[in-house]
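Participant: Here's the letter readout for the chains.
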Amino acid sequence: MREITYKEAIREAMIEKMREDEKVFLMGEDIGVYGGAFGVSMGMLKEFGPWRILETPMSEAAFTGVGVGAAIMGMRPIVEIMFADFLTFSADQLVNQAAKLRYMTGGQVKIPLVIRAPQGSGTGAAAQHSQNVEAWFFNIPGIKIVVPSNPYNAKGLLKSAIEDDNPVLFLEHKLLYNKKGKIPEDDYRVPLGQPHIEKEGDDITIVTTSIMTYRAIEAAKKLEEEGISVEIIDLLTIKPLNTEIIEKSVKKTHRLLVVYEGCLTGGIGGEIIAKIAESNAFLYLDAPMFRLGGKDVPIPYNKNLERAAVPQIEDIIKKVRFIVKGDWYA
Amino acid sequence: MLTRDEKLAMLEKMLLIRAFEEKAEKLFMRNLVHGTMHLSVGEEAIPVGAIFAIKSTDYITSTHRGHGHMIAKGGDLKKMFAEFLGKDTGYCHGRGGSMHIADFGLRNLGATGIVGAGIPIATGAALALKMQNKSDVVLAFFGDGAANEGVFFESLNMATIWKLPEIFLCENNQYAMSSPVKRFVPTPNISDRASAFGIPGISIDGMDVIAVYETVKAAAERARSGKGPTLIEAKTYRFKGHSKSDKNLYRTKEEIEEWKKKDPITTFAARLMEIGDLQQNEFENMKEKVNAIIEEAVKFAIDSPEPDPKTVEKFVYADEKEN
Ligand SMILES: Cc1ncc(C[n+]2csc(CCOP(=O)(O)OP(=O)(O)O)c2C)c(N)n1
Ligand SMILES: [Mg+2]
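Chains as they are written, first to last, in my numbering: chain A, 1 to 330; chain B, 1001 to 1323.
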């Protein structure tokens, strides 16, 4: 095992896949000498040259489509969108083209495209550079959505995403880029569609994604001191949504909380809870299922406002205490 | 012809922008800023020349590198610094920060963080002015990077076919982040793109405040008289990094030094001295005056309260209750 950062893990996955497969290339803005806005591709230009680290003009709408076209032709493009917020410019190519081409043409084509984009708040970049966008694409069939939370799963999931024959939206978190974690020396994959039990516990299941996994782990430490045992399930893949592990967990803990950074309304929590409500795990519940999401506001600039806009460790603690205590409708 | 007073006012405005940017950087270095910023040091001649050339009743749209636009439009420096520091007294009550400073009262329709996204908004404002039979014009600022976004071409087309009162002003500072114009624009001038729409396209020295003034003045007249838009490219240079973090890996020290010789402020001051419109001591006094204004504004910002986190949901919808 060795210790690397989340950012390095993503870079390693790209480098190893690019060495192995000539069809893989990275495309995006300022990904050459600048290394991308967050330095993820730093140094890659030197090894792979300007055609495989292909710098684009500021033209997201078109170069996302260029990625789709190249993928149709058998290339395996990784398109980097500098901030997930700018996916609005890419949206047609992602939503109407990449996601639907295969289906519309009766299965004639595969679109092995990865779109990597950092999302999330906490950097003081305000409303147009801080959003969580997974819910925007959550109800688009044909796209897979992956949200890695640590260096180990970031590297393993990105390799799986590059090898996948479908468009995969790979949403990184800005605040995680410099987080360190252990990864194996040997080649490995983390499969898409498999949530991970981050921590076992008995009293409540918390489903998390991305940075919320860290916050839930911290919250769980505190709650454990109070005698509340928490199980944490890190989703890793948001779409297709696999709730099997969550169902099993809920049958054991009898309580469920879904924590996510994106806006509460229309977010992933509602869908997860609906699926559990429709499953027989529902019969095992000792409490209503709850969501803890971001407030329904654009992300504000001021640090305190920004903190208040998305779930923090103390919010998770409070919510769990509330759920476990029992007087939900008092 | 510009009067001496007008020219001195332009010089002072450029100094004010420079001082604002340098102070902003210092505050940033002192860790007083949570977030990012994009400084326009070296590019002051463009907002000043352009905004002196339009009427105060005309409109602008701004960009992520927008401090200069706001100051040239008459922005309140106290509210600007307060916003930069995320204070409740700031232009956006701490919601927007450096990148989103706007003053709709002063007819600055906002600064966007989505590069290129301000251009169609300017076109829409120009459309509304036409529909309302108003004689105001809209001046859209955008960068060389933005000129590669689809919305730029699409907006230019609409403004042209509808003969809208709009001025497209491209601040070509040679780079979009690390991407050199030389590599990402295939023709010598961004203004060459105007020919595809059959409208005037003009490239000028964006370090020359008078050249900017005269060109924008002519474009404003054209727009106001119903003849439609003009595409102006003002060539300039960004003296500082792209944003808070920038190691200048994509350009050379020599190149930066070469451009610094064309500093729009020192060259303009020298010209004014040459023709006897400005004395050295007047220039020094002007700088002192500007610094005093900046210090006062910063003090106001630092002493101002933070917004209350309980109000985080305020301003989402227009139909909210006043509390
Ligand atoms: C749609 C979009 N893509 C990318 C970015 C990231 N970004 C911010 S500023 C910038 C460069 C903009 O270049 P230009 O338009 O020339 O303006 P300048 O920064 O040089 O003033 C980039 C790539 C963004 N904010 N919006
Ligand atoms: Mg530029």
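Hints should not be assumed to be uniformly reliable.
Here are the computed lysine-lysine pairs in the DSS-like style, where the Cα-Cα straight-line distance is at most 25 Å [said to hold, decoys possible]:
hint, chain 1, residue 1, chain 2, residue 2
1, A, Lys295, B, Lys1055
2, B, Lys1163, A, Lys295
3, B, Lys1182, B, Lys1078
4, A, Lys295, B, Lys1287
5, A, Lys46, B, Lys1247
6, B, Lys1026, A, Lys303
7, B, Lys1134, B, Lys1217
8, B, Lys1078, A, Lys318
9, A, Lys251, A, Lys319
10, B, Lys1247, A, Lys180
11, A, Lys303, A, Lys275
12, B, Lys1314, B, Lys1026
13, B, Lys1182, B, Lys1055
14, B, Lys1253, A, Lys46
15, A, Lys17, A, Lys46
16, B, Lys1227, B, Lys1244
17, A, Lys303, B, Lys1217
18, A, Lys325, A, Lys222
19, B, Lys1247, A, Lys179
20, A, Lys252, A, Lys221
21, A, Lys46, B, Lys1055
22, A, Lys248, A, Lys325
23, B, Lys1055, B, Lys1023
24, A, Lys179, B, Lys1253
25, B, Lys1310, A, Lys303
26, B, Lys1217, B, Lys1163
27, A, Lys318, B, Lys1314
28, A, Lys303, B, Lys1314
29, A, Lys295, A, Lys252
30, B, Lys1023, B, Lys1310
31, B, Lys1055, A, Lys303
32, B, Lys1287, A, Lys303
33, B, Lys1310, A, Lys319
34, A, Lys303, B, Lys1163
35, A, Lys319, B, Lys1314
36, A, Lys303, A, Lys325
37, B, Lys1217, A, Lys180
38, A, Lys159, A, Lys222
39, A, Lys295, A, Lys318
40, B, Lys1261, B, Lys1299
Think of the hints as simulated: they come from the structure by calculation, not from any bench.
Participant: Provide an ascending list of the numbers of those earlier hints which the structure does not satisfy.
Facilitator: 1, 2, 3, 4, 8, 11, 12, 13, 16, 17, 21, 23, 24, 29, 30, 31, 32, 34, 36, 37, 38, 40
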